[in-house]
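Visitor: Listed here are the chains, written in short residue letters.
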Amino acid sequence: MDALLAYTVTGIFTGAAYAIAASGLVLTYSTTRVFNVAHGALGMLMAFVFWDFSVRQGLPSWLAFVLVVFVVAPLIGVFVQRVLARGLGEAPVGVGLVVTVGIFVGVIGLAQQIWPPAARPLNQFFNQSGTHIGSLFVTWHQILTIALSGVVAVGLYFLLTRTRVGASMRASVDNPELLQLYGGRPDVVAALAWAIGTSLAALAGILLAPIVGLDYYSLTLLVINAYAAAMLGKLKNLPLTFVGAMGLGLIQAYAVGYLPSDAAFSGLRAVVPTLFLFAVIVLMPQAQLRIGQVKGIVSAPVASLGRSVSFGGVLVFAVAVAVVFLSNSNILLLGTAATYAIVMLSLVLLTGYGGHVSLAQFSFAGVGALAYAKLDSPNLLGLLLAAVIAAFIGALVALPVLRLTGLYLALSTLAFGQLMDKLVFQDSHAFGFNGTLTAGRLSVLGIRFTDTGSYVVLMSIFFVLVAILLLALRRGQLGRVLVAMRDSQAGCATLGLDVRWLRVGLFAASAGIAGFAGALFAGLRGTIGAQDFQFFSSLLLVLVAVVWGVTSVTGAALGGMFLMLLPVLQSDNPSIAGLAFAVVGFGAVALGRDSNGLANRLFVIGRFLRDQAFEVVRSMPDLRGDQDLDAEPDLASDEREVTDHAAAASH
Amino acid sequence: MPPLLRIENVVVQFGGVTAVNNASFSVEPGRITGLIGPNGAGKTTCFNVISGLQKPTQGRVEFLGHNVTHTAVHRRARRGIGRTFQRLEAFGSLNVRDNVRVAMDIRGGFRGALRRTTQDADLLLERVGILDYADDAADSIPTGTARLLELARALACEPKLLLLDEPSSGLDETETEIFGELLRELASEGTAILMVEHDMDLVMNVCHEIHVLDFGSIIASGTPAEVRANPVVQKAYLGYSDDATTELEPVKP
Amino acid sequence: MSVPILEVIDLHAAYGRIEVLRGVDLTVPKGAVVALLGPNGAGKSTLLKVISGQMKQTSGDVHLGGVHVQNPKPDELARLGLTTIPEGRSVFPNLTVEDNLLLVSYAGVPARDVMDTAYSYFPQLHQRRSQLAGTMSGGEQQMLAMARALASDPALLLLDELSMGLAPLIVDELYETVARIAQSGVSILVVEQFARTALRVSDYGAVMSGGRIVMTGEPNEIEKDMADMILGGVL
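Protein chains in written order, with the numbering used here: chain A, 1379 to 2029; chain B, 3 to 255; chain C, 20 to 254.
Here chain A stands alone, though its shape is the one from the complex (with noise of 0.2 Å):
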């Protein structure tokens, strides 16, 4: 009876403390349509300002906790809309995912910057000193919490039934054109949203500190058991979105109180909040396609097929010359830049043509390889069928969003990255805890591919196949239909398509690339582990690849040499470690609204050159009016790819 009567206080200061992270999370939602992924990354950012100010510069704790929570939370929540996220409601799902995937990873690499990692002890409030209820001790914080969540509660309650204000705010969440016409100023009232919302997690930051520990990801990490709970609300509902907190919270204390305490279990218990919000996904119901006014889309050229085979070629011949000069180590770094690549081609499948946005490209790319390991055949069947396992998980990570729109489908995979995480890779079946499986290299119709070298030539034709085949589907009847889910999903429907289940295809055969770059990559290494393919590196990865255009062939060759370098740069100048996360984070924040990246940006360099080069020419009559119409005149930008990659390679 005391266990229970423990587990329970433990579960409601849990749930407290995910009421006050997702109330400010819904606020922000639900005022200005921009869904904050980096919610948890400022709450961490807070706790560890409000570490900086209570126990590096000795302040009160009850001086620093008024300061970052009055005043240094609400400003960083006005910066975040008004500059950052600025104009974010109006943009594609993807859009708003990405720049907030970029505020996340900047400002985790923020914190490692400004407080390299090191034991940084944070004291709960009052000195862990606490009552007695019944037989139970309770300290004092978990009661400040609990009683700090009913607070917030109230407060907002009054805030948005009681004052102009807030009326204003479920004002503008229906209509904001209308609130300005009387008078009402929809910027001044979605600033304050965010400012009330970044204060909210900066407080549950601050009361969850000193249990769960100051760490960048953990308390990051939260912001999913926060939109779990606020799911239930449908982002919008404040009084539902408590209720999931608290029981999301019971919930899991319970399931650390009872669960048989053999290791399957352990990493069930930290999934528990996964498995929250896969149910609560399931029962959600049916969206209905939008209507609205098409915006088209610039896309970057696309090559013919003479031109990419060609310059595919010269691409693996220059990998080939490559890795005759390079040291076996920097042999395997090209390697594990063209597994980045091809992952990066999946995603300039399924974001760049299709414009969903997948935050666990990485957790598909190591199904592939722990399937490709586990089936222990290294040829092309084995290797084929890995992908095809990886393809099967994307379709079952899809379905069960079939019915809802691509925010959904984005947090699902989110969620899906977390289980991969803390459940299936660490166990024992799998890789097991802190464990590896060892894969054999490759053979193609009996010759083995031993020698590092030219299993990376190897890898590097595979990538020109995929991408020669991705082109080849964009110029086609495919990729045609793709652009066109992309612009109107209601036109599409209205013509005969079925669009739901052509996203659960398009995103598994997104995963299937993923899965088979996962498989190579064990080939590549020979001895794998779950710390591979970490959920954090998936988020990297959309944002170096919407950062380096994730709308081009050539821009996931950039962006996979350019992943490959940046944890060589880190180890290299630990110093600058955080600042190189916070640099692709704002990165992505700053280039994210434009998709095709820096390497459209080449390629209006390139373009720019030709027209210099071909003046004469151009001079001279048009004779090109007949050609097959598929084929973009755009020879710089191909000529662009290819020095650009050989450039890359001989790095």
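Hints are computed from structural coordinates only; laboratory data are not their basis. Honestly, I wouldn't trust all of these hints.
[Stated by the list, open to error] With a straight-line cut-off of 25 Å between C-alpha atoms, the simulated PhoX-like cross-links for lysine-lysine are:
| no. | chain 1 | residue 1 | chain 2 | residue 2 |
| --- | --- | --- | --- | --- |
| 1 | C | Lys75 | C | Lys92 |
| 2 | C | Lys92 | C | Lys49 |
| 3 | A | Lys1752 | A | Lys1800 |
| 4 | B | Lys57 | A | Lys1612 |
| 5 | A | Lys1614 | B | Lys57 |
| 6 | B | Lys162 | B | Lys57 |
[Claimed, not checked] Restraint ranges, calculated between C-beta atoms of paired labels, are given here:
| no. | chain 1 | residue 1 | chain 2 | residue 2 | range |
| --- | --- | --- | --- | --- | --- |
| 7 | B | Glu175 | A | Arg1781 | 41 to 49 Å |
| 8 | C | Pro129 | A | Leu1514 | 34 to 42 Å |
| 9 | A | Arg1460 | B | Gly32 | 38 to 46 Å |
| 10 | C | Pro129 | A | Arg1781 | 27 to 35 Å |
| 11 | B | Phe16 | A | Glu1555 | 47 to 55 Å |
For every residue, glycine included, the Cβ atom is placed at its ideal position computed from N, Cα and C.
Given chain A, work out where chains B and C should sit, using these hints.
Guide: Using the frame of chain A, we list chains B and C on its own:
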């Protein structure tokens, strides 16, 4: 023989607002049916119910004798319901020709993957009179042209029933005349056309039958001549007509 | 003669490449009610959008109370005494009647006065004050919109398609309210499809077609040719 399309006692409520109130009518092959009424009378909502984008609160939609009230949007399209949109839904990232080719791709499925659709698409563009725009991006063409593009796109799926939502807005007088001719041609080929339209000249000229929708209900039905003479219609459009009675009497066709 | 409350001079506006207003000239004298009529797609609503600051003109000028306004924000204009009741449902459906009225106070009138005015004109709204606006009938919602026109004490009132989707009897009641607001000295520009009803309460009428004002005059002059303009000569 059941009619091609029949909607029966359809009610659509948003919150407490009734957008469509107990509307019933049917559409026959080879005929052009006009759906007219003041702004906000529920015409577009009716279209959304027929094409499946909006679930009705009550009522029933039958197509080709089958109950399709709960059938998904794409299945209705495959059975032969095509439509255009009042707020355009052309694929802005693609050029005009590819917009039509996408429709052919969807219609043909993957079996037709290698089919050359360029010429077929151009034939359709020529038919609706916008071949000159074939290579322009769909989000850069004038509204009237984009509406014709949506028509071409819908035609690519060879619909049995065509729902046109304000197809002539954005067209000038001559273009509207040519457009009316095209509608007659399509009808004579057996296509049923249901059209929401504000250009009364066009409606009165091409429609075989007209339903007048007001406050979500059908207040009058009949041939153009009958509807024109109906005092209830005058009242709906002008607020008050001197000779209109105060009671609204629904006119049965 | 006093300065007109609204003067629009050679106004052009476009959605993308498509020009919707092609040189509109329009004057609303202080204290007058002007009805703006015309077929669908003539540019009436676009004109109101430019005047209320929701849309930018490509060229031309708008003078409000003799002041040349440049790139105004709609909320600034609203606080300065321009009340716009846009087409369609111009209330917040998921807010209660009382919350809707609370927001009216952004126009510069204390919330208590807003509610006093609203409830004294429309006692029905008082009965429904804690009901969500979206669950009321169309007529009651439009009543709530009119309560804003009454209580925000505007210098100029822009009304767009007040009658949209409403029964003639209710439209008549709404226009009685418009007449009452006009008597209190408020200048009104009203866009309407129910032309006769609108002209009944107007001092002047203007007919728009193809992005231009094609006819202006006294209500009875306008009414004579109105059926032609609205229904293309078929009625």
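Visitor: Decide if the proposed pair is consistent with the structure: C:Lys92 and C:Lys49, CA atoms, cutoff 25 Å inclusive.
Guide: Roughly 23 Å separates the two Cα atoms, so the pair holds.
Visitor: Straight-line Cα separation of A:Lys1614 and B:Lys57 no greater than 25 Å?
Guide: 23 Å, holds
Visitor: Mind checking the hinted window 47 to 55 Å against the Cβ distance between B:Phe16 and A:Glu1555?
Guide: 18 Å, violated
Visitor: Has the given pair, A:Lys1752 with A:Lys1800, been kept, meaning a C-alpha gap of at most 25 Å?
Guide: With a Cα-Cα distance of about 20 Å, the restraint between A:Lys1752 and A:Lys1800 holds, given a limit of 25 Å.
Visitor: Does the Cβ-Cβ separation between A:Arg1460 and B:Gly32 fall within 38 to 46 Å?
Guide: Taking Cβ atoms as reference, A:Arg1460 and B:Gly32 lie about 59 Å apart, which means the hint is violated.
Visitor: For the hint 41 to 49 Å, verify it against the beta carbon of B:Glu175 and that of A:Arg1781.
Guide: 46 Å, holds
Visitor: With a cut-off of 25 Å on the C-alpha distance, tell me whether B:Lys57 and A:Lys1612 pass.
Guide: 20 Å, holds
Visitor: Cβ-Cβ distance between C:Pro129 and A:Arg1781: within 27 to 35 Å?
Guide: About 47 Å separates the Cβ atoms of C:Pro129 and A:Arg1781, which means 27 to 35 Å is violated.
Visitor: Check the hint pairing C:Lys75 with C:Lys92 against an upper bound of 25 Å on the C-alpha distance.
Guide: Answer holds: C:Lys75 to C:Lys92 is near 10 Å, not above 25 Å.
Visitor: Would you check the hint for B:Lys162 and B:Lys57, treating anything up to 25 Å between C-alpha atoms as holding?
Guide: 22 Å, holds
Visitor: Take a look at whether the Cβ-Cβ distance between C:Pro129 and A:Leu1514 falls inside 34 to 42 Å.
Guide: 52 Å, violated
Figure legend: structure checked against the earlier numbered hints; hints not met, in rising order: 8, 9, 10 and 11.
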